[in-house]
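> Please work from the sequences and hints to get the whole structure.
Mapping of the sequence shown onto my numbering: residues 1 to 110, in sequence order.
Hints were generated in silico from the structure; no laboratory data involved.
Hints are not guaranteed to be accurate.
[Unchecked claim] DEER-style ranges, computed between Cβ atoms: (1) Thr63 / Leu4: 15 to 21 Å; (2) Ser54 / Asp105: 36 to 42 Å; (3) Arg13 / Leu100: 34 to 40 Å; (4) Asn32 / His65: 19 to 25 Å; (5) Lys37 / Phe59: 25 to 31 Å; (6) Arg29 / Leu100: 23 to 29 Å; (7) Ala102 / Asp23: 22 to 28 Å; (8) Thr83 / Ala16: 14 to 20 Å; (9) Asp15 / Lys37: 21 to 27 Å; (10) Thr83 / Gly14: 18 to 24 Å; (11) Arg67 / Asp105: 28 to 34 Å; (12) Phe17 / Arg67: 28 to 34 Å; (13) Pro104 / Gln56: 38 to 44 Å.
Here a beta-carbon is modelled for each residue, glycine too, at the ideal position from N, C-alpha and C.
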Amino acid sequence: EDVLTFVRRAVRRGDAFDGVILDPPAFGRGGNGKDWKLERDLPVLLDLLPGLLSDQPLFVLLTAHDRGYPARELSRLLTGALTPVSSAHPMHAEHGDMVLRACPDTPGND
Numbered sequence: 001e002d003v004l005t006f007v008r009r010a011v012r013r014g015d016a017f018d019g020v021i022l023d024p025p026a027f028g029r030g031g032n033g034k035d036w037k038l039e040r041d042l043p044v045l046l047d048l049l050p051g052l053l054s055d056q057p058l059f060v061l062l063t064a065h066d067r068g069y070p071a072r073e074l075s076r077l078l079t080g081a082l083t084p085v086s087s088a089h090p091m092h093a094e095h096g097d098m099v100l101r102a103c104p105d106t107p108g109n110d
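Listed below in structure tokens is the structure:
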């Protein structure tokens, strides 16, 4: 089952979540033959997001590993999608690049 089908059904049922983690691929193909394209489908998913959140959501985390969507652009899209929610419950947004740092105790990382 693809994420858009799952989310639409959850919204129709009235399911509500205090937190949501979104880590969509840049591109994917499901078993049902439907494909996922970040540039086409992420805005649709984000439009559905307010309907998934509880009355007092705690967090929404969005990551994407696509050079076409830098952290600032993801933040802009997410903030725009959450405007209806944040007007009732102020939310703090922050963004940044994900960086993996080598552990200084690892041999060879002098």
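> Taking each numbered hint in turn, which are not upheld by the structure, reported in ascending numerical order?
Violated hints: none at all, because every hint is consistent with the structure.
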